[in-house]
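Given these sequences and hints, build the entire structure.
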Amino acid sequence: MSKVLNLFLVISGLFLAGCASSGQGDEPVDGSKYRQDQDGTNYANTYDEKSIMNAASDFLGGGSEALAKLIEKAFKDHGRPNAYIIGTEGSGALVVGLRYGDGTLSHKVEGDSRIYWTGPSIGLDVGGNASRVFALVYNLYDVQEVYQRFPAIEGSFYYIGGLGMNYQQRGDIIIAPIRVGVGLRAGANLGYMNMTKDRTWLPF
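Residues -22 to -1, 1 to 182 (mature numbering (1 follows the signal peptide of the UniProt record, and there is no 0)) make up the sequence shown, in order.
Among these hints, one or two may not hold up.
Computed beta-carbon distance windows for the label pairs [to be verified]: (1) Lys28 / Gly140: 18 to 24 Å; (2) Trp179 / Glu27: 32 to 38 Å; (3) Ser29 / Glu123: 21 to 27 Å; (4) Ile138 / Trp179: 29 to 35 Å; (5) Glu43 / Arg177: 31 to 37 Å; (6) Asp120 / Ala46: 26 to 32 Å; (7) Glu88 / Glu27: 29 to 35 Å; (8) Thr66 / Gln126: 20 to 26 Å.
Hints in this document: simulated from the structure, not taken from any laboratory.
In this text, a Cβ means the ideal position worked out from N, Cα and C, and glycines have one as well.
Listed below in structure tokens is the structure:
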């Protein structure tokens, strides 16, 4: 029993170290600074609000007012995304939460590709947390650049009618995941998302 406890403490320490190191990345920036230019070329290479709303409601289920408000908020803050992710994730926690997800990245120029993500998150409810995820992606001009860690922007969590959204950022690339599922709450959005090409069970 003591060996199991010691192993859990070691793993917890590694996860917390990962959270600390991820917070030393790029400073959050004003989204308006990187708002994508609304010229003709940009319109062709980005998604409009109606297209995003249709894709999100088809995947998450229903065209709820809460979903519309979150998407409207993201467009107001960051403009038109040039990619989005649809997928599912599972997570659970004792002290340190684990998040594992997989889905499809749809890029307006480069098309569809499979994507996976992992990461620690502090504050999840004890037990499993099954969730569908729809994420808007901004300023992703090369799909290869998405495969890195994206720390959560402090204070960016929005919760409306059973749906939650926050912003996660590395450099000028911003990801805005919208989640619906069991146990969703603000604590689930701390930590970071580590995007990868292939599935991995290591959250750091």
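Here's how the hints hold up against the structure:
{"no.": "1", "hint": "Lys28 / Gly140: 18 to 24 Å", "result": "holds (23 Å)"}
{"no.": "2", "hint": "Trp179 / Glu27: 32 to 38 Å", "result": "holds (36 Å)"}
{"no.": "3", "hint": "Ser29 / Glu123: 21 to 27 Å", "result": "holds (22 Å)"}
{"no.": "4", "hint": "Ile138 / Trp179: 29 to 35 Å", "result": "holds (32 Å)"}
{"no.": "5", "hint": "Glu43 / Arg177: 31 to 37 Å", "result": "holds (35 Å)"}
{"no.": "6", "hint": "Asp120 / Ala46: 26 to 32 Å", "result": "holds (31 Å)"}
{"no.": "7", "hint": "Glu88 / Glu27: 29 to 35 Å", "result": "violated (21 Å)"}
{"no.": "8", "hint": "Thr66 / Gln126: 20 to 26 Å", "result": "holds (21 Å)"}
Figure legend: structure checked against the earlier numbered hints; the only hint not met is number 7.
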